[in-house]
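A.B. asks: Here's the letter readout for the chains.
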Amino acid sequence: MLKKIFSFLFIICLFISSCDPKSTDSSPEIWEQKSEMLTNWVDNFISPSYGNLLAKLDVLQQSGNTFSASVNQQNLENLRSSFVDAYLSWQYVEMFNIGPAEESYFNSRMNVFPTTVARIELNVENGNTDFNNTNNLPAQGFPALDYLLYGIEDSDDLIVLKYNTEQNYLSYLTEVIDQMLQNTYPIVEEWGTYRNTFVNSVENTATSSVNKMTNDFIYYYEKGFRANKFGIPAGVFSGTALPEKVEGYYNKNISKQLALEAFQAITTFYNGNGGVSLSQYIDDVATEGYSDLSTDVLVQFDITEELINGLDNNFYNQILTDKIKFLETYDAIQQGTILLKTDMLSVLQIATDYVDADGD
Amino acid sequence: MNSKINNYLNSHTNSSPLAVFRIGFGLMMLYSIFRFWYKGWIDTLYIEPQFHFKYYGFEWVRDLGDYTYLIFIICIVSSIFITIGFKYRLSIIFFFLSFTYIELIDKTTYLNHYYFISSLSFLMIFLPANAYFSVDNIFRKISYKQIPKWTIDCIKLLLSIVYFYSGLAKINSDWLLNAMPLKLWLPSKYDLPLIGETFMQQNWVHHFMSWGGMFYDLLIPFLLLYKKTRIIGFILVVFFHLFTGVLFPIGMFPYIMIIGSLVFFDSSVHQKIIDIIKKIIRPIRKNIKLNNKIIKENLILRNKKFVLSIVSLFFIIQLFLPFRYLLYPSELFWSEEGYRFSWRVMLVEKIGYTTFKIKDQKTGSYFYVNNEDFLTPFQEKQMSFQPDFILEYAHYLGDYYTSKGYLNVAVYADSYVSLNGRSNQRFVNEKVDLYKEKESFKYKTWIIPIDDEIKGF
Chain A
1 MLKKIFSFLF
11 IICLFISSCD
21 PKSTDSSPEI
31 WEQKSEMLTN
41 WVDNFISPSY
51 GNLLAKLDVL
61 QQSGNTFSAS
71 VNQQNLENLR
81 SSFVDAYLSW
91 QYVEMFNIGP
101 AEESYFNSRM
111 NVFPTTVARI
121 ELNVENGNTD
131 FNNTNNLPAQ
141 GFPALDYLLY
151 GIEDSDDLIV
161 LKYNTEQNYL
171 SYLTEVIDQM
181 LQNTYPIVEE
191 WGTYRNTFVN
201 SVENTATSSV
211 NKMTNDFIYY
221 YEKGFRANKF
231 GIPAGVFSGT
241 ALPEKVEGYY
251 NKNISKQLAL
261 EAFQAITTFY
271 NGNGGVSLSQ
281 YIDDVATEGY
291 SDLSTDVLVQ
301 FDITEELING
311 LDNNFYNQIL
321 TDKIKFLETY
331 DAIQQGTILL
341 KTDMLSVLQI
351 ATDYVDADGD
Chain B
1 MNSKINNYLN
11 SHTNSSPLAV
21 FRIGFGLMML
31 YSIFRFWYKG
41 WIDTLYIEPQ
51 FHFKYYGFEW
61 VRDLGDYTYL
71 IFIICIVSSI
81 FITIGFKYRL
91 SIIFFFLSFT
101 YIELIDKTTY
111 LNHYYFISSL
121 SFLMIFLPAN
131 AYFSVDNIFR
141 KISYKQIPKW
151 TIDCIKLLLS
161 IVYFYSGLAK
171 INSDWLLNAM
181 PLKLWLPSKY
191 DLPLIGETFM
201 QQNWVHHFMS
211 WGGMFYDLLI
221 PFLLLYKKTR
231 IIGFILVVFF
241 HLFTGVLFPI
251 GMFPYIMIIG
261 SLVFFDSSVH
271 QKIIDIIKKI
281 IRPIRKNIKL
291 NNKIIKENLI
301 LRNKKFVLSI
311 VSLFFIIQLF
321 LPFRYLLYPS
331 ELFWSEEGYR
341 FSWRVMLVEK
351 IGYTTFKIKD
361 QKTGSYFYVN
371 NEDFLTPFQE
381 KQMSFQPDFI
391 LEYAHYLGDY
401 YTSKGYLNVA
411 VYADSYVSLN
421 GRSNQRFVNE
431 KVDLYKEKES
441 FKYKTWIIPI
451 DDEIKGF
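Read top to bottom, the protein sequences are chains A and B. Residue 350 in my numbering is what sits at position 350 of the first sequence, and the numbering runs on without skipping anything. Residue 239 in my numbering is what sits at position 239 of the second sequence, and the numbering runs on without skipping anything.
The shape of chain A in the complex, shown without the other chains (with noise of 0.2 angstroms):
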């Protein structure tokens, strides 16, 4: 008796463990449509974004090195124009913090912001700055350059003849400019070959590309687009409103742009553009409750763009003359993020990467 239970538990293991996940060997569907979403976030998104803004910071270099060779207004306005091509591009960029990017601390290397003022005046005094140094996160990157190209003086006469007369900060300013461009080659060249395993990785565990993939939208989409760009400036966080802390705070006129380009980011890559992703992939998992989600996220987006759309080029004044209407677009954006994080995070079963514990 006992060895006819033991033979029978055998055979029932052996069956069990042959459906262990990590044993590959699987069958088609939704396999491959997960893998064509992945492949659409790669080729489509991930990869040109990168591309598009190593081109931009390429440009963003030469203008950089013609500024350096002579300093001049009409050369500082062409530096200043190819670092807002260059931060609008980084809007695509960022919610990609994931493989080479998440290893390497790409975000907190490029825009982190506000940037620390005194830092840079401290690094511009000694020279030889060490950019891995955590405490000069805040003082290099799309928020130092913003105050290196608009900051440093009250007008541009002034800062032009600031660059003229002092040689430290025409240094500081093409180091942050190197620098980035430092970051930002690794990384695209890692993505050359993290890509394979990027698109293999289809499975439904913490780690899977699918899994990361979104949560690290949902994080980006909560903490660098909702809380970063608007609820911390307009104090939801701290009770005052520290307007100094919009992005692009010294520009004085591309805080907005930031957040529209950002924000178009964040709806492409829901919509997937035509290709396979999130709204699709909603769409064919809902159940009953949910077959309205994937359409009720684009009209929250739709919303939260139109108020967007209606605020003050520079979050600065919008958050000193009505911060209700500001406040307003947040709650927007927070609508959103209730979505996505409980039907939405529902819907897709997402395994969290960021918990670990038996559940019963």
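I should point out that these hints are in silico values taken from the structure, not numbers from a laboratory. Some hints here could point you the wrong way.
25 angstroms max Cα-Cα, derived DSS-like pairs, lysine-lysine [stated by the list, open to error]:
#1 K357(B) / K323(A)
#2 K359(B) / K223(A)
#3 K245(A) / K359(B)
#4 K325(A) / K357(B)
Covered by chain B, per the in silico footprint, the following chain A stretches (three or more residues, Cβ under 8 angstroms) [stated by the list, open to error]:
#5 123–133
#6 202–208
#7 318–329
#8 334–340
Going by beta-carbon spacing under 7 angstroms, a handful of chain B positions derived as facing chain A [to be verified]:
#9 G338
#10 Y368
#11 N424
Being a predicted model, the structure only gives us computed values, none of them experimental. Ideal placement from N, C-alpha and C gives every residue a C-beta, glycine not left out.
Add chain B to chain A, keeping to what the hints say.
C.D. replies: Same frame as chain A, but now just chain B:
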């Protein structure tokens, strides 16, 4: 009637099933705790968090910082002693206390199977699990062939309650009519070979597994109790638990239930298991002098009356506690009042998003809290859909900001929850200052009722 009960209480049975159960329990616990340790969970779940969610009435239970590891060491040592049956009574008491203490540190980690382990180890304090095949036998020079029948039956009863009650809980409209939450969970297992993209995607499979799961839970105690169906029952147990073990991240639970269900088998089966163990440990046994051991027939319990009244009280609580939810007017799955300690296993897919507003009541100025400043991601996830967590955390925040010098602090929750495939709905009345609400067993009026009705148990 009385004499029947007395006859039953005085009847004896072979002691080997309880001995095997003790060994199985000890080994499973030993492995579970090592696994828990190895995964780093002692640190991430108990030491790292700056704040712990407490069970009502057990707020005094604290983690001991790095010394928390000591409690786990007590657990490990007592598991070893339980396995070999050395100082059994003391060991099982230490095990029960240390294990339960760990569970009480933070209710974020609540699992029905942890509660099962606590309940079972409490029950085992009163059972003579060292009567046979134990180190205690060697030291006391006495071993018992027969023990009171009820001491084995009460383990069967506890297991039966676990199964039957979790079956009862599945009799509800979400589970049976909508196949929720399996309809959400199973399709996401598309990465299982063979069945992932085929069976797991089928509507009929979701319904079949819902109904099957309910019947399984309700019937398995009876299948195991009756000799004729016992083998088929046990095969079902093994299949069901291993299958759910593959499908869901439920850790050790399947294995504990499989090993536990062996207790339903006749003593002959257990005697054979013991013979196998004897063979394995022969090299050790050779060196032990077993000469003076007296083998006695019947074990007579000391303090029988006391033990029986404790055990009876234990089972009365076990039988009635799961029905306490009937005292609340709210929807059980939504408000979770009376949800825990009731063998409601895998019944809900619930996900929430809850943020807190700290407001100065006088000036009206307010700000929102960044949950990650205070909670681990796991705590935040659990807090976001459980009202008692939300209230406790609101008080923590209120105290925190008051101590930081903020005046007239009021705490409001902006909370949205999605339950079993329904789109999200506001969960907490956003106009209620939670800092003024007190935790109690009373109905929480600040939970906004769900916009739907879930019929059933």
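A.B. asks: For each hint, tell me whether it holds in the structure or not.
C.D. replies: Here is what the structure says about each hint:
no.: 1; hint: K357(B) / K323(A); result: holds (18 angstroms)
no.: 2; hint: K359(B) / K223(A); result: holds (22 angstroms)
no.: 3; hint: K245(A) / K359(B); result: holds (22 angstroms)
no.: 4; hint: K325(A) / K357(B); result: holds (19 angstroms)
no.: 5; hint: 123–133; result: violated (count 0)
no.: 6; hint: 202–208; result: holds (count 4)
no.: 7; hint: 318–329; result: violated (count 0)
no.: 8; hint: 334–340; result: holds (count 3)
no.: 9; hint: G338; result: violated (17 angstroms)
no.: 10; hint: Y368; result: holds (5 angstroms)
no.: 11; hint: N424; result: holds (4 angstroms)
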